[in-house]
Amino acid sequence: MKEYLFSLALTHDQCMHYYQGTVQFVQVMSDDGKRIRFPAARLRPFISSIGIRGRFRLILSENNQFQSLEKIL
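Sequential numbering from 267 applies to the sequence shown in our numbering.
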């Protein structure tokens, strides 16, 4: 399994593009400098009235298949 840590800060308006499906993918930079692209729909559970703010852990299989995305402290 591969694990990537990253921070994300999006306003509520920015999140609406992801939520409504007008943006299909999100690209982030992990703490170790790797660019990671994943489906924007994976962010839906984390959208609040202020948007999305926080640290996240993305876990992928060895074949780069999505396993989980979780908000961490």
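Just to be clear, a hint being listed does not mean it is correct.
[What the hints assert, rightly or not] Quick list of in silico lysine-lysine cross-link-like pairs, DSSO-like style, CA-CA up to 30 Å:
1) Lys-268 with Lys-300
2) Lys-300 with Lys-337
3) Lys-337 with Lys-268
By construction, these hints were calculated from the structure, which means they are not laboratory data.
Legend entry - Restraint check for Lys-268 with Lys-300, where alpha carbons must lie at most 30 Å apart: Within the cut-off at roughly 12 Å; holds.
Legend entry - Holds or violated: Lys-300 to Lys-337, with C-alpha atoms at most 30 Å apart: Satisfied, since the Cα-Cα distance of roughly 19 Å is no more than 30 Å.
Inset, instruction - With a cut-off of 30 Å on the C-alpha distance, tell me whether Lys-337 and Lys-268 pass. - result: With Cα atoms ~16 Å apart, Lys-337 and Lys-268 stay inside 30 Å; holds.
The structure is consistent with each of the numbered hints, conforming to all of them.
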